[in-house]
Amino acid sequence: MISVAEWKERVESEGALNCVEKLMKEVKKNRYNSFITVTEEIALSQAEEYEKGKLKGKLAGIPVAIKDNISTAGIRTTCASKMLHDYVPPFDAHVVERLKEEGAIIVGKTNMDEFAMGTTTETSYFGVVRNPRDESRVAGGSSGGSASSIAGGETVLSLGSDTGGSIRCPASFTGVYGLKPTYGLVSRYGLIPYANSLEQIGPMAASLDDLALLLEVIAGRDQRDSTNAGREFRFEFVEKDFKVGIVKEMKANEKVMAAFEEFVEKLKKVAKVKEISLPSLNYALPAYYVIAMSEASSNLARYDGVRYGYTLEKLDSWRKFFAKVRAEGFGEEVKRRIMMGSFALSTGYYGKYYLKALKVRTLVINDFKRAFESFDILISPTMPDVAFKIGEIKDPVTMYYADVNTVPANLAGIPALSVPLLEVDGLPVGVQLMGNHFSESALISFGKIVEERVGKVEV
Amino acid sequence: MVDRSTVLHVAELAKIELREDEVEKFARDFKKILEFFDKLDEIDPDVPPTYHVLPLKNVFRKDEPKESLPRELVLMNAKHKEEGYFKGPKVVE
Numbered sequence: 001m002i003s004v005a006e007w008k009e010r011v012e013s014e015g016a017l018n019c020v021e022k023l024m025k026e027v028k029k030n031r032y033n034s035f036i037t038v039t040e041e042i043a044l045s046q047a048e049e050y051e052k053g054k055l056k057g058k059l060a061g062i063p064v065a066i067k068d069n070i071s072t073a074g075i076r077t078t079c080a081s082k083m084l085h086d087y088v089p090p091f092d093a094h095v096v097e098r099l100k101e102e103g104a105i106i107v108g109k110t111n112m113d114e115f116a117m118g119t120t121t122e123t124s125y126f127g128v129v130r131n132p133r134d135e136s137r138v139a140g141g142s143s144g145g146s147a148s149s150i151a152g153g154e155t156v157l158s159l160g161s162d163t164g165g166s167i168r169c170p171a172s173f174t175g176v177y178g179l180k181p182t183y184g185l186v187s188r189y190g191l192i193p194y195a196n197s198l199e200q201i202g203p204m205a206a207s208l209d210d211l212a213l214l215l216e217v218i219a220g221r222d223q224r225d226s227t228n229a230g231r232e233f234r235f236e237f238v239e240k241d242f243k244v245g246i247v248k249e250m251k252a253n254e255k256v257m258a259a260f261e262e263f264v265e266k267l268k269k270v271a272k273v274k275e276i277s278l279p280s281l282n283y284a285l286p287a288y289y290v291i292a293m294s295e296a297s298s299n300l301a302r303y304d305g306v307r308y309g310y311t312l313e314k315l316d317s318w319r320k321f322f323a324k325v326r327a328e329g330f331g332e333e334v335k336r337r338i339m340m341g342s343f344a345l346s347t348g349y350y351g352k353y354y355l356k357a358l359k360v361r362t363l364v365i366n367d368f369k370r371a372f373e374s375f376d377i378l379i380s381p382t383m384p385d386v387a388f389k390i391g392e393i394k395d396p397v398t399m400y401y402a403d404v405n406t407v408p409a410n411l412a413g414i415p416a417l418s419v420p421l422l423e424v425d426g427l428p429v430g431v432q433l434m435g436n437h438f439s440e441s442a443l444i445s446f447g448k449i450v451e452e453r454v455g456k457v458e459v
Numbered sequence: 001m002v003d004r005s006t007v008l009h010v011a012e013l014a015k016i017e018l019r020e021d022e023v024e025k026f027a028r029d030f031k032k033i034l035e036f037f038d039k040l041d042e043i044d045p046d047v048p049p050t051y052h053v054l055p056l057k058n059v060f061r062k063d064e065p066k067e068s069l070p071r072e073l074v075l076m077n078a079k080h081k082e083e084g085y086f087k088g089p090k091v092v093e
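The listed protein sequences correspond, in order, to chains D and Y. Sequential numbering from 1 applies to the first sequence in my numbering. Sequential numbering from 1 applies to the second sequence in my numbering.
Source of the hints: derived by calculation from the structure; they are not laboratory data. Fair warning: there could be bad hints in the mix.
Claimed, not checked - Below 30 angstroms or equal to it, Euclidean Cα-Cα: the simulated DSSO-like pairs (lysine-lysine) are:
#, chain 1, residue 1, chain 2, residue 2
1, D, 58, D, 82
2, D, 240, D, 394
3, Y, 32, D, 352
4, D, 320, D, 82
5, D, 266, D, 251
6, D, 324, Y, 79
7, D, 394, Y, 32
8, D, 82, Y, 39
9, D, 352, Y, 25
10, D, 100, Y, 66
11, D, 335, D, 82
12, D, 389, Y, 39
13, Y, 66, D, 324
14, D, 100, D, 248
15, D, 352, Y, 39
16, Y, 31, D, 335
17, D, 314, Y, 79
18, D, 324, D, 266
19, D, 29, D, 58
20, D, 324, Y, 39
21, Y, 87, D, 352
22, D, 335, Y, 32
23, Y, 25, D, 324
24, D, 58, D, 314
Let the hints inform the model, and build the full structure from the sequences given.
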């Protein structure tokens with residue numbers, strides 16, 4: 001992994017162009033299949049600009065990789081789907097505009113689960129991402145490429161998106177840092193939508209300082225996103241006696257739980273720690289999937305093969321054309337979620353599934369509100385297991401259960417951070433830190449305090 | 001409850017043509033996923049639904065013309081086009 005500080009030192013001694021050339025060699029090898037599109041020409045010309053002193057800003061000369069569901073003007077953006085395999089957006093996402101304004105060097109578009117639907121990056125049309133910590137294992141999903149590109153030293157920073165844990169899961173599996181920001185803090189303008197009310201773009205990095213830096217750049221006001229909170233983010237170190245809650249309902253397998261409990265014992269020496277129960281979380285997972293699939297069925301109705309995306313040679317009647325384009329353009333998991341969403345929203349089932357799920361969401365929000373009256377931070381293992389072997393999980397519902405600890409934060413819109421603090425069988429597992437809305441500074445600060453006083457885990 | 005006809009009906013709603021082997025597979029998957037959703041039957045919360053975590057309200061901007069994307073950019077990803085327009089499939093048989 002390369003931190004921003006290390007990269008700056010390298011550039012200082014070897015020159016930006018040299019460093020970017022070396023890095024791009026690694027990126028082009030694509031050893032872990034982290035990238036769908038490599039933007040070598042752009043990266044090299046930006047490095048030249050930097051050497052001429054023309055790239056200025058907070059990220060001047062720093063390599064950043066971007067998840068392939070975030071629109072980049074003139075650069076292919078596929079969502080890892082056959083449906084968009086040759087789609088070139090005519091505009092930049094808000095976060096990409098911000099990266100460019102701050103002088104970042106864009107190294108490529110990262111691999112992911114098709115339309116961000118998955119927990120392992122095995123549903124990508126462009127093949128599975130291998131975990132740099134153990135290449136026989138997945139990197140996690142859906143931002144698997146964004147995580148592996150950092151863990152494998154192919155970039156310094158990367159952007160992911162998180163609908164139900166898609167930043168935190170691969171961060172946990174690959175031993176990097178990943179943050180899902182408060183809903184509304186980062187503009188979703190230019191993020192190709194899957195489940196609008198849940199998803200956020202967020203930073204992934206090799207350290208907490210780097211994570212804070214990238215969040216400062218991408219967060220902020222944007223009138224083009226009606227769900228944007230209109231707030232900027234500046235990291236300020238929060239020093240206090242943190243009251244920490246262990247969420248009783250957030251569990252993991254025996255080995256992960258043993259490592260987590262050992263960590264909690266050490267944590268008790270440096271912070272006030274108590275267990276708390278949030279009973280609504282027993283229903284959060286099915287509620288999350290009902291909502292995500294329902295929103296997906298509506299969002300993915302735009303892929304009709306007419307204006308962009310996969311199409312057929314000949315135009316047929318509308319009904320046949322539409323159904324055939326979608327049959328050929330979408331992969332299995334995407335079809336499954338669109339159809340389940342259509343079912344959950346259909347006459348007779350709306351109340352049983354969709355409306356009930358939205359009520360559970362209210363319960364989850366109320367439980368978190370109550371918890372944050374007594375606690376500053378809630379913690380849990382990020383994932384219930386270490387990274388899965390490639391091909392290990394065959395059943396969709398088993399896969400959905402892996403998201404059990406991450407989805408509550410998306411339902412409530414609160415920020416959640418995965419810090420690589422556990423080691424199980426020689427593989428990393430993250431500890432998830434959750435806080436109240438807009439408490440990103442406190443989460444990152446607490447992470448730093450824990451690393452300093454409890455210790456980092458190097459896997 | 002989930003049989004071939006349910007899957008075909010949902011596929012029709014979702015506008016996705018299915019192969020025969022897919023119909024069988026999705027019927028099995030749907031059954032499992034609905035059993036997973038049935039956990040929600042255990043409760044009947046007496047609270048209002050939350051559609052969105054932010055207090056969103058509709059805000060109208062002034063009705064002023066603004067610059068839009070140039071036509072060539074709008075059309076650049078379309079395969080079927082003619083004289084500056086998208087060409088779509090037949091809607092009326």
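Against the structure, the hints:
Between residue 58(D) and residue 82(D) the alpha-carbon distance is near 36 angstroms, which puts this suggested pair outside the 30 angstroms criterion. Straight-line distance between C-alpha atoms of residue 240(D) and residue 394(D) comes to about 45 angstroms, which puts the hinted pair past the 30 angstroms bound. Proposed proximity of residue 32(Y) and residue 352(D) is supported: the alpha carbons are some 16 angstroms apart, at most 30 angstroms. Of the pairs offered as hints, the one joining residue 320(D) and residue 82(D) holds, with about 19 angstroms between alpha carbons and a cut-off of 30 angstroms not exceeded.
Straight-line distance between C-alpha atoms of residue 266(D) and residue 251(D) comes to about 19 angstroms, which keeps the hinted pair within the 30 angstroms bound. Between residue 324(D) and residue 79(Y) the alpha-carbon distance is near 16 angstroms, which keeps this suggested pair within the 30 angstroms criterion. For the suggested pair residue 394(D) and residue 32(Y), the alpha carbons sit about 13 angstroms apart, so the restraint of at most 30 angstroms is met. Proposed proximity of residue 82(D) and residue 39(Y) is contradicted: the alpha carbons are some 34 angstroms apart, above 30 angstroms.
Distance check on the hinted pair: residue 352(D) and residue 25(Y) sit about 24 angstroms apart at the alpha-carbon level, within 30 angstroms; holds. A C-alpha spacing of about 24 angstroms is found between residue 100(D) and residue 66(Y), which places the hinted pair at or below 30 angstroms, so the restraint holds. Proximity of residue 335(D) to residue 82(D) is assessed by CA-CA distance (about 13 angstroms); at most 30 angstroms being required, the pair is judged to hold. Straight-line distance between C-alpha atoms of residue 389(D) and residue 39(Y) comes to about 29 angstroms, which keeps the hinted pair within the 30 angstroms bound.
With a C-alpha separation of about 37 angstroms, the suggested pair residue 66(Y) and residue 324(D) falls outside the 30 angstroms cut-off, and the hint is violated. A distance of roughly 43 angstroms separates the Cα atoms of residue 100(D) and residue 248(D); the hinted pair therefore is violated under the 30 angstroms criterion. Between residue 352(D) and residue 39(Y) the CA atoms are separated by roughly 11 angstroms; this keeps the pair inside 30 angstroms, and the hint holds. A threshold of 30 angstroms between alpha carbons decides the hint, and for residue 31(Y) with residue 335(D) the separation of about 15 angstroms falls inside it, so the pair holds.
With a C-alpha separation of about 10 angstroms, the suggested pairing of residue 314(D) with residue 79(Y) holds against the 30 angstroms cut-off. The straight-line distance between the Cα atoms of residue 324(D) and residue 266(D) is roughly 57 angstroms, outside the 30 angstroms bound, and the hint therefore fails. In summary, the hint linking residue 29(D) to residue 58(D) is supported, as the alpha carbons are separated by about 29 angstroms, within the 30 angstroms threshold. This hinted pair does not check out: residue 324(D) and residue 39(Y) have alpha carbons roughly 34 angstroms apart, beyond 30 angstroms.
At most 30 angstroms may separate the alpha-carbon atoms for a hinted pair to count; residue 87(Y) and residue 352(D) exceed this at roughly 40 angstroms. The hinted pair formed by residue 335(D) and residue 32(Y) meets the criterion: a straight-line CA distance of about 16 angstroms does not exceed 30 angstroms. For a cut-off of 30 angstroms, the pair hint linking residue 25(Y) to residue 324(D) stands: about 19 angstroms separates their Cα positions. Distance hint between residue 58(D) and residue 314(D) is unfulfilled; the C-alpha atoms sit about 49 angstroms from each other, more than 30 angstroms.
Of the hints listed earlier, those the structure fails to meet are numbers 1, 2, 8, 13, 14, 18, 20, 21, 24, in rising order.
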